[in-house]
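Protein chains: 2
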Amino acid sequence: MSNGKLEELRGQLDSVNQQLLELLSERGRIAQQIGQEKEKQGVPKYDPVREKEMLDELVAQNKGPFDNETIRHLFKQMFQASLKLQQSDHVKHLLV
Amino acid sequence: MSNGKLEELRGQLDSVNQQLLELLSERGRIAQQIGQEKEKQGVPKYDPVREKEMLDELVAQNKGPFDNETIRHLFKQMFQASLKLQQSDHVKHLLV
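Sequence order for the protein chains is A and W.
Sequential numbering of the first sequence, starting at 351, is according to my numbering.
Sequential numbering of the second sequence, starting at 351, is according to my numbering.
Be aware that a few hints might be false.
Heads up, the list lumps identical chains together, so a pair's fine if it works in one copy or across two of them.
Straight-line alpha carbon distances no greater than 20 Å define the calculated EDC-like cross-link-like pairs of lysine to aspartate or glutamate that follow [said to hold, decoys possible]:
#, residue 1, residue 2
1, 434, 372
2, 442, 419
3, 426, 372
4, 355, 387
5, 426, 403
6, 413, 376
7, 390, 419
Keep in mind that the hints were calculated from the coordinates and are not lab data.
Note that this is a predicted model, so its numbers are computed, not measured.
Produce the complete structure using the sequences and hints provided.
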């Protein structure tokens with residue numbers, strides 16, 4: 351009975367994990383397009399002002415249960431991964 | 351003209367950020383319920399076997415653009431944050 355409840359919650363978690371993966375991947379694809387656009391315009395990829403704005407906006411929208419510090423930490427990791435993606439695209443572009 | 355393109359992509363990114371925040375928060379709420387259920391059952395919160403299964407499943411579903419190592423890293427951060435949430439709920443519970 352109790353194990354049924356745990357199984358149900360785990361099923362929900364798996365579904366959310368999958369949706370998170372899809373959204374993260376979509377975020378990665380948009381970041382790649384932004385990287386290409388910045389490349390064309392000769393603008394630096396890393397924009398700390400824009401990053402701060404995004405983090406402030408996310409914290410303003412945060413209703414929990416994660417505290418603001420955790421939200422900042424998790425999104426900073428995603429931003430770093432996106433930047434790495436843009437930079438590796440740049441290297442690939444140079445190698446072509 | 352080009353700035354319009356960048357603005358459009360940034361708008362898309364903001365929208366995805368917001369959806370990610372909502373999903374992350376939903377994940378946090380489910381993790382809290384799992385923590386309460388485990389508490390009742392006297393089962394440990396941290397389950398490395400289940401965590402490995404979730405990571406393997408995510409990597410199997412990953413179609414890019416992030417590489418598998420990055421997906422593992424990002425999700426591990428989310429898992430750790432969820433575990434911290436369960437543990438702080440436990441402390442609150444003890445203090446009541």
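Comparing the hints with the structure gives:
Taking CA atoms no more than 20 Å apart as the test, residue 434 paired with residue 372 passes inside one copy only; the shortest distance there is 19 Å, against 24 Å between copies. Taking the shortest alpha-carbon separations for residue 442 and residue 419, only the inter-copy value of 19 Å comes in at or below 20 Å, while the best intra-copy value is 35 Å. Taking the closest pair of Cα atoms, residue 426 and residue 372 come within 20 Å of each other both inside a single copy (18 Å) and across two copies (16 Å). For a Cα distance limit of 20 Å, the shortest separation of residue 355 from residue 387 across copies, 8 Å, qualifies, whereas the shortest one inside one copy, 48 Å, does not.
For the identical chains of this complex, residue 426 and residue 403 are intra-copy neighbours only, at 12 Å inside a copy versus 25 Å across copies, given an alpha-carbon limit of 20 Å. For the identical chains of this complex, residue 413 and residue 376 are inter-copy neighbours only, at 11 Å across copies versus 23 Å inside a copy, given an alpha-carbon limit of 20 Å. Neither within a single protomer nor between protomers do residue 390 and residue 419 lie at most 20 Å apart by alpha-carbon distance, with minima of 35 Å and 29 Å respectively.
The structure fails hint 7 only (numbered hints given earlier).
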